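Fit chain B to the supplied structure of chain A, relying on the hints for placement.
Number of protein chains: 2
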Amino acid sequence: MKWTQSYIPTLRETPADAEAISHILMLRSGMIKKVISGAYSYLPLGFKVLNKVIDIVRSEMNAAGAQELLMPAIQPAEIWKESGRYDVIKDIMISYKDRHGSEMIMGPTHEEIIVDIVRKDISSYKQLPFILYQIQTKFRDEPRPRFGIIRSKEFLMKDAYSFDKDTDGLNRNYEKMYNAYISIFKKCGLNAIPVEAESGIMGGDTSHEFMVLSESGEDEITHKGKKEKAIEIGHVFKLGTKYSKALGANFSDENGKENPIIMGCYGIGINRILAAAIEENHDKEGIIWPKAIAPYQVIVIPTNTADEKINKAANDIYDKLIKEGVEVIIDDRDERAGVKFKDADLIGVPTHVIIGKGLTDGKIEIKDRKTKETQQVLVKDVIKAI
Amino acid sequence: MKWTQSYIPTLRETPADAEAISHILMLRSGMIKKVISGAYSYLPLGFKVLNKVIDIVRSEMNAAGAQELLMPAIQPAEIWKESGRYDVIKDIMISYKDRHGSEMIMGPTHEEIIVDIVRKDISSYKQLPFILYQIQTKFRDEPRPRFGIIRSKEFLMKDAYSFDKDTDGLNRNYEKMYNAYISIFKKCGLNAIPVEAESGIMGGDTSHEFMVLSESGEDEITHKGKKEKAIEIGHVFKLGTKYSKALGANFSDENGKENPIIMGCYGIGINRILAAAIEENHDKEGIIWPKAIAPYQVIVIPTNTADEKINKAANDIYDKLIKEGVEVIIDDRDERAGVKFKDADLIGVPTHVIIGKGLTDGKIEIKDRKTKETQQVLVKDVIKAI
Chain A
1 MKWTQSYIPT LRETPADAEA ISHILMLRSG MIKKVISGAY SYLPLGFKVL
51 NKVIDIVRSE MNAAGAQELL MPAIQPAEIW KESGRYDVIK DIMISYKDRH
101 GSEMIMGPTH EEIIVDIVRK DISSYKQLPF ILYQIQTKFR DEPRPRFGII
151 RSKEFLMKDA YSFDKDTDGL NRNYEKMYNA YISIFKKCGL NAIPVEAESG
201 IMGGDTSHEF MVLSESGEDE ITHKGKKEKA IEIGHVFKLG TKYSKALGAN
251 FSDENGKENP IIMGCYGIGI NRILAAAIEE NHDKEGIIWP KAIAPYQVIV
301 IPTNTADEKI NKAANDIYDK LIKEGVEVII DDRDERAGVK FKDADLIGVP
351 THVIIGKGLT DGKIEIKDRK TKETQQVLVK DVIKAI
Chain B
1 MKWTQSYIPT LRETPADAEA ISHILMLRSG MIKKVISGAY SYLPLGFKVL
51 NKVIDIVRSE MNAAGAQELL MPAIQPAEIW KESGRYDVIK DIMISYKDRH
101 GSEMIMGPTH EEIIVDIVRK DISSYKQLPF ILYQIQTKFR DEPRPRFGII
151 RSKEFLMKDA YSFDKDTDGL NRNYEKMYNA YISIFKKCGL NAIPVEAESG
201 IMGGDTSHEF MVLSESGEDE ITHKGKKEKA IEIGHVFKLG TKYSKALGAN
251 FSDENGKENP IIMGCYGIGI NRILAAAIEE NHDKEGIIWP KAIAPYQVIV
301 IPTNTADEKI NKAANDIYDK LIKEGVEVII DDRDERAGVK FKDADLIGVP
351 THVIIGKGLT DGKIEIKDRK TKETQQVLVK DVIKAI
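Read top to bottom, the protein sequences are chains A and B. Under UniProt numbering, the residue at position 267 of the first sequence is numbered 267, and the numbers go up by one with no gaps. Under UniProt numbering, the residue at position 239 of the second sequence is numbered 239, and the numbers go up by one with no gaps.
Here chain A stands alone, though its shape is the one from the complex:
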């Protein structure tokens, strides 16, 4: 991709209403843009990162044997009354009356809907166990939206649900999801810490939260003996029979006896992974994306596009990297080198290839965004060195 053909509106100034470093840097790097407090657009660069996180989550969930589906956001209020959670979520729910006067809720979570599906299809122990999941937008009339995409009114969640005939099965699925979460967060470059947690409005007995340490965290956890602030990026629950009992999702067992299905539920805040990755990986110059979720792996920077030799060498390297299948962007703007270096640091691409004066000696510079180490490399060795 060429920078001049990309939509990357970077900002020099720190936006007035941003506190968290991830919020500030996502705004400044042109990754997101505010629509209203608590609702953001992902601009192309931010969307690339979001999509990489989604790919990692999806591939790990599939590898764990979970099957993807997609439920609607619109949910009838009725089913929340049936499950007994209508009053519990009333304060944060976004709801409306449709043209026929029926109350509809913009789903803040999907336990009710998934159980409604399963109670219609499942009748026998032979159909169990299974895990279903979706990657879907949730809506909440958040009283205090803050920290950009960390606490917002509209957010992308991966929510999975396991269905078993007995507690042993639930324990196995819970462990499967727990391990998938460890693997997902590791692949995203995060140091996620699992902690035992309260089940809250979800109900059930056992539950773990996955936390990333950060000054912008809204939870307090004890880690290595210290009290620390942390962001919750995932949560797994052993729900048991709370929803299946309330909504009548039963199966007949080996002896023909009717029992409520035993459930677990497993959430990941997709957007929060991006924020947490920045909270963990940045310096005063900008974002330092973990490679697995970086929008590009390499940025090629000709320091002076008016210099034909520099320009040609930069474009040659860019073309070669494209051919090698490397995700690369070339900063082909007619801008001062200083502006380009600043923007490259800000958007956090892991490897910078700088083509400047050294070219007269046949050399270009490769810079590691994280360590800031640079090396001079002969033009012919660039591809190898990356």
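By construction, these hints were calculated from the structure, which means they are not laboratory data. No experiment lies behind these values; they were computed from the predicted model shown. Possibly wrong hints are sitting among the right ones.
Same chains, same label: a pair holds when it works inside one copy or across any pair of copies.
In silico BS3-like pairs for lysine-lysine, Cα to Cα no more than 30 Å straight-line [what the hints assert, rightly or not]:
1) 226 <-> 284
2) 120 <-> 138
3) 138 <-> 34
4) 33 <-> 120
5) 291 <-> 138
6) 126 <-> 34
7) 357 <-> 312
8) 165 <-> 126
9) 309 <-> 357
The following block gives chain B in isolation, referenced to the frame of chain A:
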């Protein structure tokens, strides 16, 4: 994938409230499930098809140089008043008052929001042209939801927006999108017919609709001299300056003069592609998916899982196909052959590999779902024959 580990709740009976053949077959094949009238869940098999359609749309849009972003569903009513469309959409909009009493609209379309983004970032002709797009859920309080996913309250749309400094640029981008649409629909296996259309509430002068002939269509078009019913699956508009003028999205040209940005917008109904594909490709047994969007390419059917030889041969072929990277499902259920054949026809997988009595002569049967032609093949030649 093994059928016994999949969530595929096929139905023998035709559901009571379904009229369109695509609606009936998607329900019967366990691809979708109704939550309320006008809002459906995509079950795993249907989601696979949806995801393939999304992949095709995304790759063609990217190839045309459009950049993907993601805007929120929640939009402030204010901006619709600013653009002058608040009264136009009032009847179909889903809106709510948030906890501070501000009216919010669940986006039925995103012209206002994209122009809000662009007016903040773009100031010079040097930043033009570009095309932005998203694949996102739209919400409408549809007065008459019908035909399953053809006319629903919540639907997935690919909406693209082009921004140019002059009409020549708009014409080029319009043609680019028009050609991308032709290519997308062709790759999805659809015979889409472009027809000149009215611009309606979108405004602008030129517009084309992409139609697929179907008895369940709600539009009438003249095709080859005959009046025919058709489903609209895409629509491209030359908007001109309607939105940029209303919302003040200007750029300064080469002479420093301020002008409104010239826009086009380009929509595809993602869900409708699935419905249209079924309307065009089915028989009385079920769906006949075009290969590019089929949930699986091959279904392996052991006619009798109690027969060890049959079972082993079927699993060997399944394992080999997996190794070859073929998207394959094995119907490993302990069911009569007749049930399996019916379900395989119903869900519309293009190629059926049937392992039955012929195995005593070392032969298995390969059936083409579409032509219903069968061939007897030696076990060792199966992979080659597929």
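Cross-check of the supplied hints:
no., hint, result
1, 226 <-> 284, "within (26 Å within a copy, 67 Å between copies)"
2, 120 <-> 138, "both (24 Å within a copy, 27 Å between copies)"
3, 138 <-> 34, "both (18 Å within a copy, 19 Å between copies)"
4, 33 <-> 120, "between (42 Å within a copy, 10 Å between copies)"
5, 291 <-> 138, "within (28 Å within a copy, 33 Å between copies)"
6, 126 <-> 34, "between (49 Å within a copy, 24 Å between copies)"
7, 357 <-> 312, "within (13 Å within a copy, 67 Å between copies)"
8, 165 <-> 126, "within (9 Å within a copy, 63 Å between copies)"
9, 309 <-> 357, "within (10 Å within a copy, 72 Å between copies)"
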